[in-house]
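Enquirer: Full structure from sequences and hints, please.
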Amino acid sequence: MPGKKAMHAGKTNILSALAVVLAGFVLIGWADNREQIRKEAEKVETIRADFVQEKHLKILSKPLVSKGHFYYQVPGSLRWEYESPIQSILLMHNGRIRRYIKRDNSLTEDAGARLQAMQVVLREIISWLNGRFDNNPDFDSVLKTGRKIVLIPTKQSLSKFIKRIELMLSNRPGIIESVMIYESEDSFTKIEFKNVEINKGIEESIFREP
Amino acid sequence: MKGVSSLLILLLSMISCAGLPGPEPINSLVTPGTPRQCSIPFVSNRWQFVHSIEGTMPNGRKTFVIGVTDISPDMETIHCVIMTIEGLVVFEGRSERREMVINRGLPPFDSGDFAGGLMNDIRLLFFKPDGKLIDSGTLGNGSYACRYKNDKDIIVDVITNQDRTWEIRQYENEILIRSIKARAEGPGSSANQKGIPARIELVAHGPVKYTLLLDLIRAMNIERIKR
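Each protein sequence line maps, in turn, to chains A and B. Residue numbers for the first sequence follow my numbering, so the first one is 2 and each next one is one higher. Residue numbers for the second sequence follow my numbering, so the first one is 232 and each next one is one higher.
None of these hints come from the bench; they were simulated from the model. Small disclaimer: the values here were computed from a predicted structure and weren't measured. Possibly wrong hints are sitting among the right ones.
Once the Cα atoms are required to be at most 27 angstroms apart in a straight line, the calculated DSS-like pairs of lysine-lysine come out as [stated by the list, open to error]:
1) B:K363 x A:K103
2) A:K103 x B:K440
3) A:K103 x B:K383
4) A:K68 x B:K293
The following residues of chain A were derived to be distant from chain B, with all beta-carbon distances above 12 angstroms [claimed, not checked]:
5) N34
6) E43
7) A50
8) K59
9) G69
10) S78
11) R97
12) R100
13) D111
14) D139
15) I153
16) K156
17) I163
18) E167
19) E204
20) R209
For every residue, glycine included, the Cβ atom is placed at its ideal position computed from N, Cα and C.
Expert: Set out below in structure tokens:
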């Protein structure tokens, strides 16, 4: 015969399990429709996360793995910092985009024309973080089951280079878990976000200074 | 007037040749066959390299990309991918016995001239020079030099220095058009990367001068992986 203590512990376990299941339903529910996604994303003011990026290419005998940190603050400030294999910092703040590379213990600003292309990509990422997946006429967006959003280019000029983008939403409301950018079926980039912290204060200088 | 223009032409030709000396004299040694030193900078089977590349353009501005190069000297094949640090592929092309195919190219990396120049630079960096070995021996500073000349009168000097560095110099009409400096390996190199340069600097001389600084991220001997 179980004693009172054991029965109480059993009840607590059942209640805890029930709470977890209920919380699971609530969290799964946040990505059911676009309006819910947008509402949850609106609550996010800052994001700080680590990321692991895997570049898969047919030519590569094994994927090229890059690691770094990601910072975001509404309405449109980003810091995308790679720690390895190359140390680089991409800053977007007040509509200005800059990239710095660390080499031989000194920072050099990248003056490449591709930064304009990156500006387009970064604006798109900011739209996603704001929960707006159907804002850009260059992409058709489809919300799939399993918290997946698929973006398909509408223009041939873009589809020549990007076949589709898949965004995997986290079970935590307002957070993107991973991004897959397919340039072709055997050339794609996977970015996974880890240790995500939302709405914790971030110094403005993080977005301004390398 | 004619005298002035002749002087101008002479001055311009002096300026354009200044700092671009012709091939250095080699103190020839009588060595049968191809000396071992001539082959030191070049790989002999299929390798794949990943480099971070810093490019300094003629206006002095710098740009950074990642380059993946798969080379097979025996088959004379080069497969090359250039991508941004974020992973966006801006160029992918192949060269097989000098036949070139561009599979993907985002402006300004989409031109045939760019692809041709890129493949020529890769060939100069990693392949033994084409043409005949016409001379080999020591230079005044004690370095060992091997001189090759092809049927288009392009001269390539391969110079191995005593401090484990090497240089490659390419001349057209006795004017330096490319120079390369490399060091065998860096302090962090793995056993698989022994003999593979940790850093290579390529300078394209002439009117459109540019510099490429290649830092090795990883090197893989594909033949060894297959076995």
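Enquirer: So, for every hint listed, does it hold in this structure?
Expert: Hint check:
A C-alpha spacing of about 42 angstroms is found between K363 (chain B) and K103 (chain A), which places the hinted pair above 27 angstroms, so the restraint is violated. Restraint check for K103 (chain A) and K440 (chain B): the C-alpha separation of about 24 angstroms stays at or below 27 angstroms, so the hint holds. For a cut-off of 27 angstroms, the pair hint linking K103 (chain A) to K383 (chain B) is broken: about 41 angstroms separates their Cα positions. Taking the CA atoms of K68 (chain A) and K293 (chain B), the gap is about 23 angstroms. The hint holds against a cut of 27 angstroms.
Consistency note on N34 (chain A): stated as away from chain B, and its beta-carbon is indeed over 12 angstroms from all of that chain's, at 31 angstroms minimum. Distance check for E43 (chain A) against chain B: the nearest CB is about 27 angstroms away, which clears 12 angstroms, and the non-interface claim stands. The beta carbon of A50 (chain A) is kept farther than 12 angstroms from every beta carbon of chain B, the shortest such distance being approximately 16 angstroms. A beta-carbon of chain B is positioned within 12 angstroms of the beta-carbon of K59 (chain A); the least distance is around 9 angstroms.
Separation of G69 (chain A) from chain B is inadequate, the least Cβ-Cβ distance of about 10 angstroms not exceeding the 12 angstroms criterion. Against chain B, the non-interface label of S78 (chain A) holds: every CB pair exceeds 12 angstroms, the least being about 18 angstroms. For R97 (chain A), the shortest C-beta to C-beta distance to chain B comes to about 17 angstroms, beyond the 12 angstroms cut-off, and the non-interface label holds. Its closest Cβ contact with chain B, about 8 angstroms, brings R100 (chain A) to no more than 12 angstroms, contrary to its assignment away from the interface.
With 12 angstroms as the threshold on Cβ separation, the claim that D111 (chain A) sits away from chain B is violated: the shortest Cβ distance comes to roughly 5 angstroms. Distance check for D139 (chain A) against chain B: the nearest CB is about 15 angstroms away, which clears 12 angstroms, and the non-interface claim stands. No beta-carbon of chain B is positioned within 12 angstroms of the beta-carbon of I153 (chain A); the least distance is around 18 angstroms. Residue-level check passed: K156 (chain A) sits 15 angstroms from the nearest beta carbon of chain B, beyond 12 angstroms.
Distance check for I163 (chain A) against chain B: the nearest CB is about 9 angstroms away, which does not clear 12 angstroms, and the non-interface claim fails. With a cut of 12 angstroms on Cβ distances, E167 (chain A) stays outside the contact zone with chain B, its closest approach being about 15 angstroms. Non-interface status of E204 (chain A) relative to chain B is upheld: no Cβ of that chain comes within 12 angstroms, the nearest being about 24 angstroms off. Here R209 (chain A) stays apart from chain B, with its beta-carbon at least about 20 angstroms from theirs, past the 12 angstroms limit.
Of the numbered hints given earlier, the model fails hints 1, 3, 8, 9, 12, 13 and 17; all others are met.
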